[in-house]
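Novice: Using mature numbering (1 follows the signal peptide of the UniProt record, and there is no 0), the letters of the sequence shown map in sequence onto residues -19 to -1, 1 to 249.
Accuracy of the hints is not assured; some may be wrong.
[To be verified] Taking lysine-lysine pairs in the BS3-like style, the calculated list, with each CA pair at most 30 Å apart, reads:
no.	residue 1	residue 2
1	K40	K175
2	K128	K43
3	K40	K142
[As the list claims (entries may be wrong)] Simulated restraints on C-beta separations:
no.	residue 1	residue 2	range
4	K25	A113	35 to 41 Å
5	G41	A159	25 to 31 Å
6	K248	A159	23 to 29 Å
7	P11	V157	23 to 29 Å
8	V51	E224	14 to 20 Å
9	P131	H66	23 to 29 Å
10	P131	K108	27 to 33 Å
11	A19	V170	46 to 52 Å
12	T105	K175	20 to 26 Å
Source of the hints: derived by calculation from the structure; they are not laboratory data.
Just so we're clear, the structure is a prediction, and the values are computed from it rather than from any experiment.
C-beta atoms are modelled at their ideal positions from N, C-alpha and C, and glycine is treated no differently.
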Amino acid sequence: MKKVLLLLVFCFVQIQSNAQEIIGILGAFPPELKLLRANMVNPKDTVIRSVGFITGELKGRKVVVAQTGVGKVNAAITTTIMLDHFRPRQIIFSGIAGAVNQALRPGDIVIGTEIAYHDFGALTDDKMDYWATKNPLTDQPNPTHFKCDPELVQKAIKVSKGLKFNQIAGKSGTRVPAVSEGIIVTGDVFVSSKKTAERLRKDLNAAATEMEGAAIAQTCFQQNVPFLIIRSMSDNADDHAAEDMGNFYDIAAANAATLVMAVVEAKN
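Please work from the sequences and hints to get the whole structure.
Specialist: What follows is the structure, given as structure tokens:
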């Protein structure tokens, strides 16, 4: 009887261990996941609660990939279902963003160190007061800035140094995209305002702005799951943002996915 119990415990531990080996990867739009899907081995599509997931192998690792759709609610729903059903040991987001740091250009990549909401709080005529979200069970405040997993951040920085990204064509010729770390801020608005970008840079020390990251970060934080947000710039979040996004979207999405694949492939 004792041997049987030990065997059952061993099997349970093995099942749990294997389940935790899967890596979750998210993206908001189809182009953000196109390169990932193309490099997967034995991809299998599954729909759970009206959300599509792709399971398979990527760079020798078991992964589950999903398109969140745009916005914080979509991102939180998809992340929650992924965590509940697949139990990934970590979540990585691959996608585009608007550059807030004036040194960034389309195609450049920001490895998120901290993720924050820029539209959660109290808005007056003069300013925005940024609030912390709360854990609904404990009623305790979450951090205003969710820290990406330090090990994943360092891994991304390390593997980025040897990667070949799509070069960016500009008026002065082509250039190699730059990779940096920084704070990424999230809101349910597409920022195409130089004045707003300046506010985000001043108030939150933001490097980039997007529409899903903080919802994923909060979900992972409350569920104690390591996460990393990687964004490639499609525009400069200014008056030309929509036009630039149309021109640089595919290149930016591919560059982010290239770095994500390298992080997945890298050994712990």
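Novice: None of the hints should be skipped; say for each whether it holds.
Specialist: Okay, the hints, checked on the actual structure:
no.: 1; hint: K40 to K175; verdict: 39 Å, violated
no.: 2; hint: K128 to K43; verdict: 25 Å, holds
no.: 3; hint: K40 to K142; verdict: 18 Å, holds
no.: 4; hint: K25 to A113: 35 to 41 Å; verdict: 39 Å, holds
no.: 5; hint: G41 to A159: 25 to 31 Å; verdict: 28 Å, holds
no.: 6; hint: K248 to A159: 23 to 29 Å; verdict: 26 Å, holds
no.: 7; hint: P11 to V157: 23 to 29 Å; verdict: 26 Å, holds
no.: 8; hint: V51 to E224: 14 to 20 Å; verdict: 19 Å, holds
no.: 9; hint: P131 to H66: 23 to 29 Å; verdict: 27 Å, holds
no.: 10; hint: P131 to K108: 27 to 33 Å; verdict: 32 Å, holds
no.: 11; hint: A19 to V170: 46 to 52 Å; verdict: 31 Å, violated
no.: 12; hint: T105 to K175: 20 to 26 Å; verdict: 21 Å, holds
Checked against the numbered hints listed earlier, the structure breaks hints 1 and 11; every other hint is satisfied.
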